[in-house]
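Protein sequences, first through last, are from chains A and Y.
Numbering follows my numbering, with no gaps: position 85 of the first sequence is 85.
Numbering follows my numbering, with no gaps: position 67 of the second sequence is 67.
Quick caveat, the hints were computed from the structure, so don't treat them as lab data.
Fair warning: there could be bad hints in the mix.
[Said to hold, decoys possible] A short list of chain Y residues far from chain A (calculated; beta carbon distances all over 10 Å):
1) Ile44
2) Ser76
3) Asp82
4) Ser94
5) Gly99
[Said to hold, decoys possible] Reference listing, derived: stretches of chain Y covered by chain A, where coverage requires no fewer than 3 residues with Cβ under 8 Å from a Cβ of chain A:
6) 8-22
7) 50-59
8) 86-92
Remember, predicted model here, so these are calculated numbers, not experimental data.
All residues carry an ideal CB built from backbone N, CA and C; glycine is no exception.
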Amino acid sequence: EVQLQQSGPEVGRPGSSVKISCKASGYTFTDYVMNWVKQSPGQGLEWIGWIDPEYGSTDYAEKFKKKATLTADTSSSTAYIQLSSLTSEDTATYFCARYTTDYYYFDYWGQGVMVTVSS
Amino acid sequence: DIQMTQTPSSMPASLGERVTISCRVSQGISNYLNWYQQKPDGTIKPLIYYTSNLQSGVPSRFSGSGSGTDYSLTISSLEPEDFAMYYCQQYDSSWTFGGGTKLELK
């Protein structure tokens, strides 16, 4: 059974960074690209970017190029997103989602991680 | 960038009712249009991919259609577990989501 298990809620101070994880199981981690999606409180979904764990290649939505850094550890089948220079605009739930190249959709999602930026 | 307009933003409906949610994109996307359901606990799952393909395990009361710039998700007969948020998503070198539709019990 494919599962994407994300880490617990985070609180970050303005100007600091947070790093959240997404541990994959039930499939070969390097066979699928991992995406990250942001959901601000009471709002819709925004695509942040993707990482190909096999090659470490990444792509980001323009809006997140200076905000997010995606990495992956193949030894532990875990994808990470680091959010830097935190502001109140970064308070949101962040989802990881596996992407299938067959039809360009996200077939499995993590449960989401709430990040709160507060002093 | 491709813009997506999802309507309605909220929809009161009754059990057993047939409902349709629409998604209009600003330019043709070759049918790379997907639909997702988000439950109140936050969990998200795919329903329909590539316009009309039913994701494995999703009940057949869900269906998708469309082409070019206009797409829709139809639920033929609402069940209690269907009251949730629904999002369309397009792919055209990157992904964009619609604003969402909240399906509420009337």
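Each hint tested on the structure:
1. Ile44 of chain Y, annotated as away from the interface, has a beta carbon of chain A within 10 Å; the closest lies near 4 Å.
2. Remark: the non-interface label on Ser76 of chain Y is consistent with the geometry, its nearest Cβ contact in chain A lying 22 Å away (cut-off 10 Å).
3. Distance check on Asp82 of chain Y: its Cβ is at least 18 Å (rounded) from any Cβ of chain A, clearing the 10 Å threshold; non-interface status holds.
4. Taking the minimum C-beta to C-beta distance to chain A, about 6 Å, the non-interface status of Ser94 of chain Y is violated against the 10 Å cut.
5. Interface exclusion of Gly99 of chain Y from chain A breaks down, the closest Cβ pair being 5 Å apart, not more than 10 Å.
6. By the rule of at least three residues with a Cβ nearer than 8 Å to a Cβ of chain A, the coverage given for the region 8-22 of chain Y is violated, with 0 such residues.
7. Given as covered by chain A, the region 50-59 of chain Y passes the check, having 3 residues with a CB less than 8 Å from a CB of that chain where 3 are the minimum.
8. Here's how the region 86-92 of chain Y fares: 3 of its residues keep a CB closer than 8 Å to some CB of chain A, so the rule of at least three is met and the hint holds.
Against the hints set out earlier in the document, violations occur for numbers 1, 4, 5, 6.
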